[in-house]
Amino acid sequence: MSELDKKAEKLLLALQKKGAEDIILKISNVEDVLIRYANNEVTIPVYSEISNIDLRFGYKNAVLLSTINDVMFDVEKTSENLIKIASNLKEQEVYVKIPSTKYEYPPLIEVDEETKKISELLPAVAEEVINRSLKGRIKKVAGTLEGKIEKIRVITSTGYDLQDIRTTIMLNHRCFSNSTSTGQWAYCARSIKDLDYNLVVEKATQIAEININQKKIEAGNYDIVFSPMIFASLMEHVALAASAYNIELGLSFFIGKLNSKVASDKLTLYEDPHDHKSPAYSRFDDECIPTRKKDVIKNGILITYLHNLRTAKKFGTESTGNAGIVFPLPFNVYIKEGDYKEEEIFKEIKRGLFLVNNWYLRFQNYITGDFSTILRDGIFLIENGEIKQALYGGRLSENFLNLLNSIEGLTNIKYPIKWWEVNIPTYSPYALARNLRITTAE
Amino acid sequence: MGREAAQGGESYLNLNMLNKEKLGSELLNIVDDPTIEKSSGFYVYDDEGIPARKRYLIKDGIPNEVLLNREYAGYLSTKSNSAARATYYYNEPLIRMANTYIEPKDFTVDEMIEDVKRGIYLKSYMEWNIDDRRWNQKYTGLECYLIENGQIKKMLKNVALEITTGHLFKNIDAIGKDLKFTPGNCGKGEPMQGIPVWFGGPTIRVRKVWIK
Numbered sequence: 001m002s003e004l005d006k007k008a009e010k011l012l013l014a015l016q017k018k019g020a021e022d023i024i025l026k027i028s029n030v031e032d033v034l035i036r037y038a039n040n041e042v043t044i045p046v047y048s049e050i051s052n053i054d055l056r057f058g059y060k061n062a063v064l065l066s067t068i069n070d071v072m073f074d075v076e077k078t079s080e081n082l083i084k085i086a087s088n089l090k091e092q093e094v095y096v097k098i099p100s101t102k103y104e105y106p107p108l109i110e111v112d113e114e115t116k117k118i119s120e121l122l123p124a125v126a127e128e129v130i131n132r133s134l135k136g137r138i139k140k141v142a143g144t145l146e147g148k149i150e151k152i153r154v155i156t157s158t159g160y161d162l163q164d165i166r167t168t169i170m171l172n173h174r175c176f177s178n179s180t181s182t183g184q185w186a187y188c189a190r191s192i193k194d195l196d197y198n199l200v201v202e203k204a205t206q207i208a209e210i211n212i213n214q215k216k217i218e219a220g221n222y223d224i225v226f227s228p229m230i231f232a233s234l235m236e237h238v239a240l241a242a243s244a245y246n247i248e249l250g251l252s253f254f255i256g257k258l259n260s261k262v263a264s265d266k267l268t269l270y271e272d273p274h275d276h277k278s279p280a281y282s283r284f285d286d287e288c289i290p291t292r293k294k295d296v297i298k299n300g301i302l303i304t305y306l307h308n309l310r311t312a313k314k315f316g317t318e319s320t321g322n323a324g325i326v327f328p329l330p331f332n333v334y335i336k337e338g339d340y341k342e343e344e345i346f347k348e349i350k351r352g353l354f355l356v357n358n359w360y361l362r363f364q365n366y367i368t369g370d371f372s373t374i375l376r377d378g379i380f381l382i383e384n385g386e387i388k389q390a391l392y393g394g395r396l397s398e399n400f401l402n403l404l405n406s407i408e409g410l411t412n413i414k415y416p417i418k419w420w421e422v423n424i425p426t427y428s429p430y431a432l433a434r435n436l437r438i439t440t441a442e
Numbered sequence: 001m002g003r004e005a006a007q008g009g010e011s012y013l014n015l016n017m018l019n020k021e022k023l024g025s026e027l028l029n030i031v032d033d034p035t036i037e038k039s040s041g042f043y044v045y046d047d048e049g050i051p052a053r054k055r056y057l058i059k060d061g062i063p064n065e066v067l068l069n070r071e072y073a074g075y076l077s078t079k080s081n082s083a084a085r086a087t088y089y090y091n092e093p094l095i096r097m098a099n100t101y102i103e104p105k106d107f108t109v110d111e112m113i114e115d116v117k118r119g120i121y122l123k124s125y126m127e128w129n130i131d132d133r134r135w136n137q138k139y140t141g142l143e144c145y146l147i148e149n150g151q152i153k154k155m156l157k158n159v160a161l162e163i164t165t166g167h168l169f170k171n172i173d174a175i176g177k178d179l180k181f182t183p184g185n186c187g188k189g190e191p192m193q194g195i196p197v198w199f200g201g202p203t204i205r206v207r208k209v210w211i212k
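Heads up: the sequence lines are chains G and F, in that order.
Quick note on this note's numbering: the first sequence kicks off at 1 and runs consecutively.
Quick note on this note's numbering: the second sequence kicks off at 1 and runs consecutively.
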């Protein structure tokens, strides 16, 4: 047991003594190795080891949240300050007690031997990724390769004392044929053994090589093949819209749509925190409720919102095991595969677009689902099922419910995506959707 | 120079354009100034120990200087202009903005509206995004009005301005004296480092704009 663990236990007792209830302390230790590269060389390797405590407790039906980053904190002084702040807070509209039920949890998975060696192995992988890309038309590469080992312990005033280990390996790789001709791909895994960097290099290279001699895109409505990169970004927002917290804040296009059709029947979106290969493998949520696999959208029907104990009580249901310290979130997002092979899905388009990647997805209206996002790293005109021309300057300006209902097909292989624009590990195939709006700047 | 090319992307601007290429109206001065006391982006020294100073990024419509840290100043055989900052002690300092704004001139808002036959007064915005070369940008109006014959006529909904940086800068024909700042957070880097900043400027008038 670390010194921080011992201090956390003392803090729990000190808060309890001062009248706090339903106390949750989440003690995290993260070892992180980050290799950044640009202009064909490693620019900076960063090693960090950071520990902190996230905490939540009730005090006279008010709730206080805090994070302690200073591991040298004084237990008595900190507990006094926290109680002082809590005593000035208003009672919660819905106050929920932390249970003491004894649950069965999925097994603790230890860090595998190779992933333990991330600080030794990742620099060589980064060099390999750079060198493999620099051939043919590819003149320049940039990217990040990161390995993270997170050890978590959650203790509560109701008797829980649980441990978990979450590991993340992720690669984001961008190739340049020239300054505007780019291709990008990302990947994530729980173990370094499962990091398919050859696939990442191949995909990013292929796209950058054909993304040349670009013409400006014409605004209009198009049939579209989405690559897993952009479809993962879109589907992450769909999963977040199912968080009960966003429903109660009025920040979701799923308000009032539970058990109704929100998407094409081709779409099934689920969460699987028990996937051993996912960085999101988790035994329990931040309220010590066991995690479970669940459909969020099944064949186009919205099956459930994602709940913690408080939102579940407010909505008259049970927690779905998605609690963060503050609000419920998906651990990961999966899109169920369809029947198309990748080469087949392009054949379904007479005149349309292949979109590779996006960033800056912003909502104009969270409730209606109106949004736009900038297209990047490859926009291609498809004619009669073939990629004919690289384009630039497009923006997908759409409505989420319209987009979800326009999905006509999905390919038969999912890709694990996580990078800047996709924060939650999302497993997505290629997707075909009809008649979506593209706008441009004048 | 490509340091953030993987995620953050690159820039429409290249070093050959500095002090040469006319990018916008000669009325246009864009400043980044960490020395504004009580601002979100205020600091005395940057995180590499360089004394903070005001920087003219665009002067009279021409790119004037780029933000630099010690390393990139070295590549360019010049001196750092104090733009290196980190969010936490365990993050690397990144080259980044402090308080960025368009420098005010002498128009009042009424004077600018008076001279518009048919146009839009985009007073505030909500949804926005910009491409990875900072060229193709969009702002959707939050509080927005129709102007006809020099007068504000009615409020408009969901006005979308999609415009290139070049078109925006070149078609500015009046700049107000009503300098205002908005506090915000600048996100940058991997791992993501958010840092408090101000951004802002006065009301500006832009001609020949397409509205959707």
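FYI, nobody ran anything at the bench for these hints, they're computed from the structure.
Quick caveat, the model's predicted, so the values are computed rather than measured.
All C-beta atoms in this analysis are idealised placements derived from N, C-alpha and C, irrespective of residue type, glycine included.
Heads up, a few of these hints could be off.
Unchecked claim - List time: in silico EDC-like cross-link candidates among lysine to aspartate or glutamate, alpha-carbon distance up to 16 Å:
1) F:K22 <-> F:D47
2) F:K212 <-> G:E218
3) G:K294 <-> G:D275
4) G:K116 <-> G:E31
5) F:K212 <-> G:D370
6) G:K336 <-> G:D295
7) F:K170 <-> G:E442
8) F:K212 <-> G:D295
9) G:K388 <-> G:D272
10) G:K140 <-> F:E92
11) F:K208 <-> G:D194
12) F:K157 <-> G:E31
13) G:K298 <-> G:E318
14) G:K148 <-> F:E190
15) F:K177 <-> F:E92
16) G:K117 <-> G:D194
17) F:K54 <-> F:E111
18) F:K180 <-> F:D60
19) G:K294 <-> G:E318
20) G:K6 <-> G:E76
21) G:K140 <-> F:E10
22) F:K79 <-> F:E65
Said to hold, decoys possible - A few chain F positions that, by computed beta-carbon distances, are all more than 10 Å from chain G:
23) Q7
24) N19
25) L27
26) A52
27) K59
28) D110
29) K138
30) F181
Cross-check of the supplied hints:
For the proposed pair K22 of chain F and D47 of chain F, the alpha carbon gap of about 33 Å is over 16 Å, so the pair is violated. Only pairs whose Cα atoms come within 16 Å are accepted, and K212 of chain F paired with E218 of chain G is accepted, the gap being roughly 15 Å. For the given pair, K294 of chain G sits about 12 Å from D275 of chain G by alpha-carbon distance, which is consistent with the 16 Å threshold. Simply put, K116 of chain G and E31 of chain G have alpha-carbon atoms about 10 Å apart, close enough for the 16 Å limit, and the pair holds.
With a C-alpha separation of about 14 Å, the suggested pairing of K212 of chain F with D370 of chain G holds against the 16 Å cut-off. Restraint check for K336 of chain G and D295 of chain G: the C-alpha separation of about 10 Å stays at or below 16 Å, so the hint holds. Between K170 of chain F and E442 of chain G, the direct Cα distance comes to roughly 13 Å. Compliance with the 16 Å bound is thereby established for this hinted pair. Between the alpha carbons of K212 of chain F and D295 of chain G the distance comes to roughly 38 Å, so the proposed pair goes past 16 Å and is violated.
At roughly 38 Å between alpha-carbon atoms, K388 of chain G and D272 of chain G are farther apart than 16 Å, so this suggested pair is violated. Taken as a hint, the K140 of chain G and E92 of chain F pair is broken in the structure, with Cα atoms around 23 Å apart against an allowance of 16 Å. Annotation: proposed proximity of K208 of chain F to D194 of chain G is violated, straight-line Cα distance about 54 Å (limit 16 Å). At most 16 Å may separate the alpha-carbon atoms for a hinted pair to count; K157 of chain F and E31 of chain G exceed this at roughly 49 Å.
Proposed proximity of K298 of chain G and E318 of chain G is contradicted: the alpha carbons are some 19 Å apart, above 16 Å. A distance of roughly 13 Å separates the Cα atoms of K148 of chain G and E190 of chain F; the hinted pair therefore holds under the 16 Å criterion. Our distance criterion of 16 Å between C-alpha atoms is broken by K177 of chain F and E92 of chain F, whose separation comes to about 38 Å. The hinted pair formed by K117 of chain G and D194 of chain G meets the criterion: a straight-line CA distance of about 14 Å does not exceed 16 Å.
For the proposed pair K54 of chain F and E111 of chain F, the alpha carbon gap of about 30 Å is over 16 Å, so the pair is violated. Of the pairs offered as hints, the one joining K180 of chain F and D60 of chain F is violated, with about 20 Å between alpha carbons and a cut-off of 16 Å exceeded. Straight-line distance between C-alpha atoms of K294 of chain G and E318 of chain G comes to about 13 Å, which keeps the hinted pair within the 16 Å bound. Of the supplied pair hints, the one linking K6 of chain G and E76 of chain G holds, its CA atoms being roughly 14 Å apart against a limit of 16 Å.
Our distance criterion of 16 Å between C-alpha atoms is met by K140 of chain G and E10 of chain F, whose separation comes to about 13 Å. Only pairs whose Cα atoms come within 16 Å are accepted, and K79 of chain F paired with E65 of chain F is accepted, the gap being roughly 11 Å. Its closest Cβ contact with chain G, about 4 Å, brings Q7 of chain F to no more than 10 Å, contrary to its assignment away from the interface. Remark: the non-interface label on N19 of chain F is consistent with the geometry, its nearest Cβ contact in chain G lying 21 Å away (cut-off 10 Å).
With a closest Cβ-Cβ approach of about 21 Å to chain G, L27 of chain F is found to remain outside the 10 Å limit, as its non-interface label requires. Annotated as non-interface, A52 of chain F keeps its C-beta farther than 10 Å from every C-beta of chain G; the closest such distance is 24 Å. For K59 of chain F, the shortest C-beta to C-beta distance to chain G comes to about 25 Å, beyond the 10 Å cut-off, and the non-interface label holds. Even its closest Cβ contact with chain G, about 28 Å, leaves D110 of chain F beyond 10 Å, as expected for a residue assigned away from the interface.
Here K138 of chain F does not stay apart from chain G, with its beta-carbon only about 6 Å from theirs, under the 10 Å limit. Annotated as non-interface, F181 of chain F keeps its C-beta farther than 10 Å from every C-beta of chain G; the closest such distance is 22 Å.
Hints 1, 8, 9, 10, 11, 12, 13, 15, 17, 18, 23 and 29 from the earlier list are contradicted by this structure; the remaining hints agree with it.
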